[in-house]
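**Student:** Protein chains in written order, with our numbering: chain A, 1 to 276; chain B, 1001 to 1430; chain C, 2001 to 2294.
The set of hints was computed from the structure by calculation and includes no laboratory data.
Even for Gly, the Cβ is constructed at its ideal location relative to N, Cα and C.
Warning: the hint list may mix true and false statements.
Here are the computed lysine to aspartate or glutamate pairs in the EDC-like style, where the Cα-Cα straight-line distance is at most 20 Å [to be verified]:
id	chain 1	residue 1	chain 2	residue 2
1	B	Lys1324	C	Asp2011
2	B	Lys1269	C	Asp2051
3	B	Lys1057	A	Asp54
4	A	Lys4	C	Glu2143
5	C	Lys2058	B	Asp1241
6	B	Lys1413	C	Asp2066
7	A	Lys103	C	Asp2011
8	B	Lys1189	C	Glu2143
9	A	Lys130	C	Glu2188
10	A	Lys184	C	Asp2066
11	A	Lys130	C	Asp2051
12	A	Lys64	B	Asp1084
13	A	Lys221	B	Glu1097
14	B	Lys1057	A	Asp218
15	A	Lys103	A	Asp54
Calculated from the model, a selection of chain A residues having no Cβ within reach of chain C, i.e. all distances over 10 Å [what the hints assert, rightly or not]:
id	residue
16	Ser15
17	Glu63
18	Pro164
19	Ile173
20	Ser220
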Amino acid sequence: MFQKNTGFRIFFWISLILIGFFVFFPLLWMINTALKPTSETFSLAFFTGPKTMDNITHIVTDEKIMGYLKNSLIVSFASSLLATVVCSFAGYSFSKFRYRGRKFVMGMFMMSQAFPQAILLLSIYAIMQKTGLLGSYWSLLISYVVFTLPVGTWTLKSYFDQIPNALIESAKIDGAGHFKIMRKVVFPLAVPGMITIAIYGFVWSWNDLLYSMTLVTDNSKRTLASGLVMTFLGMGSTNWGYMMAASIISAIPVTIIFVCLQRYFIQGLTSGAVKG
Amino acid sequence: MKKKRLIAAGLTMVMLGSLVLTGCGGGNSSESADSGGGDESVNIVWAGWSGEEEASKPIFERMMDTYREETGNDVTWVGFTWDDAAQQLLIRAQSGEQLDISQADISIFNTLAQADVLADWTDIVGEEYLQNFEESYLEVGRIDGKQLGLPWTMAALTMVYNPEILSAAGWDEPPTTIAEFEQCMADIKAYDPEIIPYALSTKDTTCGADFVPWLWTNGGQIWDEEGNVTLNEEAGVKTLDWYKDMLDKGYITMDVGRSEARQMFAQGKVAFYDDAVVAKSQVISNGVDPDEVVNVCSAMLRPVVNEGDDPQAVQWGGMLVIYKNSEYKEEAAELAKVLNSEEVALDYFENGGMPPVTKEVAQSDVVKNDPYINTFIESTATARLEETARMTNANEIKDIMTEEIQYALLGQKTAQQALDDAASRIEAAE
Amino acid sequence: MKNIRSRGLTDAQTGVLLIIPGLAVFAAIILFPFIDAIRMSFTDKSMLMPDYEYVGLKNYIEVFSDPYLGKTILTTAIFVILSTALPFLLGFIWAIILNQGFKGAELLRGITLVNWIIPGVAIGFLWSWIFNGQYGVLNGMLEALGLPGDTAWLGQTSTALICVVIARTWQMLPWYMAFLLGGLQGVELDQIEAARIDGAGNWKCFTSVVLPSMKNIISLIVVMGIVGNLQHFDLPWTMVQGGPARATTTLSIEVYASAFQNWDMGKGATIGTLWAVLLACFSFVYLRQVKDSD
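In isolation and in its complexed conformation, chain A is listed as follows (with noise of 0.2 Å):
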């Protein structure tokens, strides 16, 4: 794209080294940390000093650590899933359906992103308990959808804007229902954005504190960052070692999945769909 002439190369390296350092240290700093044994904890030693493996078996022999990682990824999956799917539902009507009230619903998706959602979650506490959902997956899952929701819908909806409407129109000469049309013409082609939206919505539910912290107050249910909080971070228990290899491990299986599909996410960015 770019012609590699002095001054491209001198803004490639300079970059490259300062971004690359301002990126990747912090998180080698982690991992040493990890390595490190307790009492070297604080030592400025960068995999130079003594090293143990202890931090890590500790935590992955730790059941609720363990089984933190698992409900984080049972809830941030399941509702990234069913935010997408709203989503996408919410975002194809808005793009190629006309009826009364349709401005108004998408005005509202929009404003209501303006809305804290530390005070959403001042009522959505009152109703999980009113429904008997407080401290189940459930109420996290659906109030994750929050997240998502409205920047879900408009972008899947600027997606679907991009497919040409006599795509659809050709689709309903061959007799095509709408719902055959939406699964076999129309989502086939929102793939990446969809994908776009499940990692958004997955990140957003695996990174949230707030939400976790205050509707499931039981260990069983407890999903990774708040568990990391209660378990590591108090006055008389931080134990750094502990922490740093907690979050490399949980980080480990999001990683993976993140490297398989990113050439699918970042390509399905190009499709079309959000080019100029």
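Mind docking chains B and C on chain A? Use the hints.
**Tutor:** Below, chains B and C alone, put in the same frame as chain A:
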């Protein structure tokens, strides 16, 4: 016709959805009911934070084993960190999930009591059992004549120092007056500039809370007897100016809260800081032999302005509380009795540093001859409840104080301005 | 079976049917709580007490008479602008670098995404350790280089917010990178060739071909970024609890502290409502602009 079908389809979807949801929720609640529903043996839920901390985990396991053996009931531990405990306990108590008994320190106790989720111990264990405790301890857990908290481990929050550092700097005894204290910090700074002489809390709510005993030392109070804010009077300004002076001289630093102070103290990088008896456990989990803890971690009385003044300390206490909504109050009370029994209490004392509270156990030789605990107990004699300890918005008041103290320390306001602002904000918050 | 039934629906009916699940979720977890929160802002509801009373505008008066309100809004604005702009800029450069297709670029791209997956709380604690004044990694490195290493980065108002922004940048850079990389790969190379033939250099190509063709994706991620940063709470909270001296107190910290630290739900809801009004104005302006450009 078509419209009807459409509506029907929509309704079916909504209904299906809600069925799935309620089905799931119902499944969960029946599960927990099953586990606690038996006639003979019940499973109580005990919540708190200490059992979550690496240092005391094994002790808590032993406590629960003892309970299981002695009563035949089962107990499940639900843990969080101290920082989140108030919020988590409150949420759990209001959510209808099973919660029978928990530990609570003074500030958490206050929150729970204000939320009206606690049961009165007198109704559960009777007056007679309460006679086992010192009146002053019971007092801490009593609000409006109701005994909402049962003493478990009581001691004042005072100051802790590292005798090794002090003696290296030429001090064989800890300082007793503020003048001596300043001299001592200067000596430590001269001895090793890497060491922070005093890890005074300068952030989070612990900053506002730790300001109070120094305010008392200088003869001030947040409120006078009539409830007027007196924080911004002479004593307050003097205290804050002294803070600023210590910061300028490098005796204290910014960005230190209780947890940083503990960590650095345990690593021998701090000479003094404020803490309760738990100070010891971090040092032990950092690898120091329990028998030698006093060489690097000893308690001292807070320095006073003039020799002979009462050293100030904040009353601190670990209590046990039973929840109003608990179905197993009797069984939970059994746990409390086990925890306060001689064997268990001494185990917690010897391995966790927590001083026992029943008259009988507190008088035992093991406790009386322990050098670490004695100063804590001594400082309890003149300890007072921290001024916000019984207020609904205690956190808010401490946050306001922390913010304004920081403004003064960072030189953005004078001590007088900062405390005037604090005073007017506290008045507005009431 | 499905086909037969659905063929019977008109377009409008199908559209409505499709929107039902979204609308149901929306009503239950956004709209109702939203209205409920506005109602709550007129009460003295506290987490400590089940009973509450309507107190009229008392909360609003209290919030508006808070001398720090302006400062909090300003801090929020600075935080949102910086922590959107910085990771966007660095993420863009990083995307350009990784788009060069050198050996190992794909691997670097994969590892870069890790930052984004590590739970925010862990990132907060990692960076608060890096910036710690006493045993921090940054100060340790400065000292090793012979520079003064005793700055309490998180302990002074001039640097605390920047430190939080840096941590946020580290967390979000991969996200911007991923989208921008996608955008870059969608740029049509023959357009660039055409520009080159006209004698355009790298910079000219970038500004006149690459940027315009990525307009949509850029505006999408900037809006998503702004919204995310406004809501953002984990890092300023775990790193500095909104301090020192309120230097990092953003609106979302203020809402959280009021409702979940000081148990004052009424006040939290009031700040939240004001925030929504502010943002609604912003979105309105934004929406109009989007419409105009269409």
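**Student:** Broken hints, numbered, in rising order?
**Tutor:** Hints 1, 2, 4, 5, 9, 10, 15, 16 not satisfied by this model.
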